[in-house]
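Participant: Here is how the chains run, residue by residue.
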Amino acid sequence: MFFNYFKIAFRNIRRQKLYTIINVSGLAIGVATSILILLFIYEELTTDKFHKNADQIYRVYTVMEDNEKKLPAALTPSALAEALKKDYPEVTDAVCVARVGGDLIQYQNKWITAETIYYTYSSFFDIFSFTFLQGSRTKALVDPDAIVLTESLAIKIFKQENPIGKRLHVRELGELKVTGVIKDQKNTHLRLAAGAILPFGLYKKPQPIRGPWQHFNYTTYVLLQKHAGPEALNQKLADYPKKIFGPEVKARFQLQPLKSIWLHSHLTYDFLKAPYDIRVIYLILTVAAFILITARVNYVNLTIAQSETRIAEAGLHKVMGASRMQVILKYLTEAILLVCIALACAIILTEILLPGFNHLIEIKKLDLFESKNTVLLIVLLTIIGLVLVISGTYPALFISSLQPADIIRRQMTANPKRSVLRKSLVTTQFTITIMLMIATFSVYTQLKYMLTKDLGYKQQNLLYLPMSEKVRQGYGSLKENFLQHKRISHVTTVLNLPNWRWPSEELSEWEGNTTGKKLRIYHGSVEGDFIDTFQMQIVRGTNFSQKPSLQSGSSLLVNEEAVRQMGLKEPIGKRLTMWNHDGRIIGVVKNFHFNNVKYKLDPLVLKMDPEETRIVVLRILPGNVPEIISFITDNLQRVDPNYAFEPEVLTEVLNQMYALEQKMTQLFIYSTFLAILISCLGLFGLSAYTTVKKTKEIAIRKVCGATTIRIIMLLSVEFIKLVLISNLIAWPVAYFALNYWLRNYAYHLTLTVTPFLVSTALALIIAILTVGYQASKAARANPVDALRYE
Amino acid sequence: MLQTKNLSKIFTTHEVETTALNNVNFEVQEGEFVAVMGPSGCGKSTLLHIAGMLDNPTNGEYYFMGEEVSGYSERKRARLRKGNIGFVFQSFNLIDELTVFENIELPLLYLGVLAKDRNKRVDDILEQLELVPRKNHFPQQISGGQQQRVAVARALIANPRVILADEPTGNLDSSHGDEVMKLLVDLNENGTTVIMVTHSPAYADYANRVIHLFDGHIVTENLKDKYNKHMQPLSEVTG
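Taken in order, these protein sequences are the chains called G and L.
Here the working numbering is used: the first residue of the first sequence is 1, the next is one more, and so on.
Here the working numbering is used: the first residue of the second sequence is 791, the next is one more, and so on.
What the hints contain is simulated information worked out from the structure, not anything from laboratory work.
A quick note: this is a predicted structure, and the numbers were derived from the prediction, not measured.
Don't take every hint at face value.
[Stated by the list, open to error] Some chain G residues flagged as far from chain L (calculated, every beta-carbon gap over 12 angstroms):
| no. | residue |
| --- | --- |
| 1 | I112 |
| 2 | V249 |
| 3 | Q306 |
| 4 | M325 |
| 5 | P355 |
| 6 | N358 |
| 7 | I383 |
| 8 | L386 |
| 9 | S630 |
| 10 | R638 |
| 11 | N655 |
| 12 | I669 |
| 13 | K694 |
| 14 | N782 |
[Said to hold, decoys possible] Simulated restraints on C-beta separations:
| no. | chain 1 | residue 1 | chain 2 | residue 2 | range |
| --- | --- | --- | --- | --- | --- |
| 15 | L | T803 | G | F736 | 49 to 59 angstroms |
| 16 | L | D914 | G | I768 | 36 to 46 angstroms |
| 17 | G | F6 | L | Y853 | 51 to 61 angstroms |
[Said to hold, decoys possible] Straight-line distance between alpha carbons at most 27 angstroms, and here's what the computed DSS-like set of lysine-lysine pairs gives:
| no. | chain 1 | residue 1 | chain 2 | residue 2 |
| --- | --- | --- | --- | --- |
| 18 | G | K696 | L | K872 |
| 19 | L | K866 | G | K696 |
| 20 | L | K906 | L | K925 |
Cβ atoms here follow ideal geometry from the backbone N, Cα and C, with glycine treated the same way.
The task is simple: from the sequences and hints, build the whole structure.
Facilitator: Take a look at the structure:
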């Protein structure tokens, strides 16, 4: 019997090609997208959970207290780890970690980039559960010249060779010996891909060297005893800085659970947290839900629509003696078969889309058939499958409940309840599509705004390169050589590029501060040509003198925001003292963005101190850039034959700050495209169904003299009304959601009506084209075709 | 008024060709009442559909009021149909979602007649056909005879020059059938050309010419005096 049901179901699915294609493709696209997104989210939510002691590992952070303001920062002094281990018995283990960005490693005269380098102690491997493929966990970092590589970096350097015991040259550190290889672990906040771990002793401390308690530049992790809660220790740690620095210090140490670092970190100076946070994960989850809902709406709508055309068939089965259960089973078999086909297609589609999706998210490479994902996949597919089959049960229950006599007498009239359900489902679908469209337009406009905002300096035509020790020593002559090129107009050096929050300090000592006011001020060291190279504007006073020896260390430039916050009417000549800065203000520079434009402008003080800078910045004139770059590289090689960096374009590194917004824009574009595609498929199917159902009516109207246009209007108007209702719902929801999102940006666009109008227009055009195709096909048909077999 | 020359219609389904009409030549003058008879599947309805420009012939010529229309597109045919031809079907073909009033009003709506005029004309015809009490009912709420009267009313409302009726009494009992036939005769007497497909010799008798179709051919034509009630039995015609 079941085989019989299966056979009939298969035949029906094959016979109704259009419905099957629309249903299967809509579902497959929707489910595949949801699987991809859920895989990503699952990966995100399980970050750092693989560590054996994940629940007992905490990161220590510092809360600086300025006036009323609290600044929680992810950085701690280097001496903290050892001190905590000594002073608190509940701390089983603790380790200090210094992380630097990429560096170059040379092996057999070939330079290879290590994307991350960590400097730490052996206990790092006791606290975190990284797997050693080669070498010993306990001895790997004991030797002062040891280097532990990740699997991918080891393969990059050594290919097939056994790396253990081999000697590598690390830029500016010299020869190191490989003592271990650890397995790549993508699912950790310590982004170790293609990275290396070195003994802490090799870390070059920033100049000028302060004591191990003074420099807040390190990350400290602690491993607590099994049943020691963090609350008690947190209370003790709050007063710990007072014990170390003295009672006047306004700072606290606190613990952050390891599992919260990746997505829940609220800390500043946190270079280890994800470039997005849990809110983005929720947003993506919402988008996935939206797409799945859109796909499900199609399925339900088409199934209900189709069932109405099959009422007579069900009646006949009943007359022939089928029980209600048998009729239900018959339709249910069809639903199950269709859902199975769709889910199989979804898995194939997921595999096809996965490389593209990995490229899109960049951070992690996902794998559909990884062992932990297989369980997720099975659970996911079962849930989705069940939901869909249950959705398919409704028509089966409805059809089977009809009395055969009613069906035979053809007393069935259109059920207004079902038509309301169908209409509200289409409205839901279009509401989602329109909201996504509005969001896409707005996110895109905000991104464009941030990328093109006036930063207060000219970011175009600037090249930068990190200084090596030899480049620093030979900088004077190098600069002269650079400037001899007719397309290089300015050369300067800086401590940091304007793409991150420069170091900040508390400032309370300035001439004219009678109230004892304190403020947090960002600072940076630059060379004399800084203002001219970046083409910034001095609004008061003078620029740094070109000759460094005259003013070095004693002359300071502040930005307009600093003047405003310090409350100075006449800033020029006022003395300002804070760590590492002691000098007089000689000029005020017009506010410029020294970080992501989503943050508000903060006070800034610039000191002319070429010794503290570490990056060369060159302003070039537009034109033959490769020629200029090769000129620069030639000159660098002359000063430092081992120099391996190529000059890079500043705008590129600035644009990287907006990676999150760029990813969000991409995400919205793809999701909107999918939502539109699925909605169109649904609308196409539904309008095809409506047209078929109204074939006779269309023919009668045509016999009565209706023109093609009138028929098209008749068939389209119902759907257009639904799209318009969808707009009424989508507009306010999108407006409030976007306003909420834009609040994250200190500088943002005011929402205009344009994205709303454009989205409405687009939705209408899409609906008209989709429905219009079916309608015009029906309207152009010979009316007699519909009436002939009456 | 209507003339066909060597008119043929072939239907093709699943590679099977069915000839519905084969070289049919016939002519209808203005003001005539023509009945088309013949066994099931002989091509009666097809002839009527082509005559009413609901379909195009496969071969041959068809002149409607002197215009050769056999190759016209659906759009052109629709324009020509509008206001000139009224249809009455065996299965009434009323739109279920529209009331009696709205069903009748439909052709006027498509002719662009103003609402005030529309209402008056529909009210007049409802009165004439004694359908006033049913004007706000839906088709499924009234009897078959009433439904066919509504269909006739809809066919008449635009004052067409030709009424094409495809077995208008086929779904009706004799009293309702008579009622509809009386309507058609009255119309014809007032100058409207009527072409009616029927199985019933009694109703064909109302016409002043009867065409017999068999296997897509016209086999006989009985031109008769309107008051001459003698008619050859159908069996003799078809052999």
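Participant: Please go over all the hints and tell whether each is borne out by the structure.
Facilitator: Hints versus structure:
no.: 1; hint: I112; result: 69 angstroms, holds
no.: 2; hint: V249; result: 82 angstroms, holds
no.: 3; hint: Q306; result: 20 angstroms, holds
no.: 4; hint: M325; result: 32 angstroms, holds
no.: 5; hint: P355; result: 46 angstroms, holds
no.: 6; hint: N358; result: 50 angstroms, holds
no.: 7; hint: I383; result: 40 angstroms, holds
no.: 8; hint: L386; result: 37 angstroms, holds
no.: 9; hint: S630; result: 69 angstroms, holds
no.: 10; hint: R638; result: 81 angstroms, holds
no.: 11; hint: N655; result: 55 angstroms, holds
no.: 12; hint: I669; result: 41 angstroms, holds
no.: 13; hint: K694; result: 9 angstroms, violated
no.: 14; hint: N782; result: 5 angstroms, violated
no.: 15; hint: L:T803 x G:F736: 49 to 59 angstroms; result: 58 angstroms, holds
no.: 16; hint: L:D914 x G:I768: 36 to 46 angstroms; result: 39 angstroms, holds
no.: 17; hint: G:F6 x L:Y853: 51 to 61 angstroms; result: 58 angstroms, holds
no.: 18; hint: G:K696 x L:K872; result: 18 angstroms, holds
no.: 19; hint: L:K866 x G:K696; result: 21 angstroms, holds
no.: 20; hint: L:K906 x L:K925; result: 17 angstroms, holds
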